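**Q** Okay, here's what each chain looks like letter by letter:
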Amino acid sequence: MTQIKERYTLTQSQKMMVFILSMSLYGLSNMITELVPEVNVGPVNFSIEYFAFIPLTLCILFHPFYAAIGASFGEIIFGEIMLGQFSGFGEMEKLVIFTLAMYVAGIIVNNPKNRVQVGIAAVTGVVIHQFLNMVSDIAKVWIGVEDFEAVSGLPQSVVAIEGFSFLNDVLFSGILFALLPTLYLVPRLYGKIEPLLGMKPCDNKTKYPISGILKPRFILVGVLLSAAAMGFEFLSEAGIDIFEWEADFGSTAIWISLAVAAVVALITIIVLVTGKNKAKRGMANE
Amino acid sequence: MAAAKSFADKLSFEQIKIELLNTAYGNDRTLIAKLDPRTLFLWYAFFGIAPWFIHSRFILAGMLLFVIGTTIMTKVSRLIIFILILGLLGESGYLLIASLFFGGNLGIIIPLLVLTMKLSVISLASITAFCSMSPERLGEGLLRIGVPGQVSFSISYGYRMLPTLFEEYNHIFMSYRLRGKSPEKHGLFYFRTVIYFIKLAVKSFYPLLLSMAKRARTTVEALETKGGQYAFRNPAVKKLKLANLRIGKTDYFFLLISVLYLISIFISSHYVSF
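Going line by line, the protein sequences match chains A and B.
Residues in the first sequence are numbered from 920 upward in steps of one, following my numbering.
Residues in the second sequence are numbered from 26 upward in steps of one, following my numbering.
One or more hints might be untrue.
Computed footprint of chain A on chain B, listed as stretches where at least three residues anywhere in the stretch have a Cβ under 8 Å from a Cβ of chain A [stated by the list, open to error]: (1) 132-145; (2) 162-176; (3) 241-247; (4) 270-281.
Just so you know, the hints here were simulated from the structure itself, not pulled from any lab data.
Just so we're clear, the structure is a prediction, and the values are computed from it rather than from any experiment.
The beta-carbon is built from N, C-alpha and C at its ideal position, and this holds for glycine as well.
Using the sequences provided together with the hints, build the complete structure.
**A** Okay, here's the thing in structure tokens:
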């Protein structure tokens, strides 16, 4: 009788199925969008940014976390590694941003038959994703260009371009490739695709246990990642300053920044290795 | 127009598939492909991060030359290089035009060139490191540095499945085109035709979603019969899987050459100023 708010749980294999499904489909779509040429009408860029409707649909229909992370991996594996555009560390940022956006879109919907909810979720997902992307792009030029503020016209133009492309993507890709297709696909697939994976369709009685995903470890990793991102920014700013200040010392500054890069590389490797060990222990405890 | 047409011919689905298969399986006989994945990760860990911290044009140019050399050594497909160049040029070109619009002068070209150089070093380094690695080796390497087994499985799975998936999508798309009716008039700026193709591209995913769901289930069931979930977290299995990874003479040689080269440009940058 107390089954009304039953937990939506999946077995390990079902999680893997959702992951694989989301990965392959979004990966494939990513590849297609990478290869379709874009049309520019003046500054307005009518490119197919991404087929956001695939992860959105899957996040709404299945467990949002596994669908979202599967889609992110799909993008990296098919869209980046296979096309030779794998940018190593940059992919971490993409992974976090995209997973977050899609996951949020997925938890908004608790009744896939409700079109209003689905629509709101689709738009929210795209807006979150594009906004975070815009912020990170601006930050990249900021870091990459020495004396960013001193170069006349550059700060305004970066903000203008990124802001414009944000609006462009939200309005064009967001409506054409997220909102409309999601509204078309979700009601058609609901109840049809779940049995193929051997699971019940989720209805509005089931709730995703947010506390089950936001485990301390997950939060800790998130905090560490954002701290690391900020640290990167700070370090590079500092690197520029040292370089300017010690201009007559010549290569000293370069050696410092070189050492910083080497240390960061080393730390990354160490974190990866110890993370593995921790995960192993965590799994043993479970 | 004729050039555009011949280009469009080259970019057919078939052509792309062949190029991709080449990328995945074609060039595993080059020197760099023979290196241990860990060596390449280490190498990339430097070339992927260091450019952000270097503002000397001389050093950046030296690094760029070096990664161009290594990229040539990997014999990477031309499609990939083309996509890369297009992306880089597009980005900086846009920034240049917009800053001129906001009252900047041509002095902006130099900082932008430096930025482009940084980005090129990073992307060419990633092409060198990751394009020459066959999917199996990349998966093994990632497993070795502690990425969960699911990820390396997904990579090998992706590489194997992609050609099949691509073909299936192409079939569905073509059958929709055969059965459907394309718009009689192209409309303003080919508006109707574009909308028609976008609709088809989206609709083609509907059957693919269902068939892929079936396939995902089969895959996971097959994985289960082989004890996949258990194998992902068992250290003994991992050890057995990674037994063939070995850092040999070539790896040390490659790293040594890179370090020597870097040291030489850093030292010569001390004497050369430009």
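**Q** Each of the hints needs a verdict: does it hold here or not?
**A** Now the hints, each set against the structure:
Counting residues of the stretch 132-145 of chain B whose CB lies closer than 8 Å to any CB of chain A gives 8, so the stated coverage by that chain holds, three being the minimum. With a cut-off of 8 Å between beta carbons, the stretch 162-176 of chain B has 7 residues touching chain A; three or more are needed, and the interface restraint holds. Beta-carbon proximity to chain A at under 8 Å applies to 5 residues in the stretch 241-247 of chain B; the threshold of 3 is reached and the given coverage holds. Closer than 8 Å: that is the beta-carbon criterion, and the stretch 270-281 of chain B has 0 residues meeting it against chain A, so the requirement of 3 is violated.
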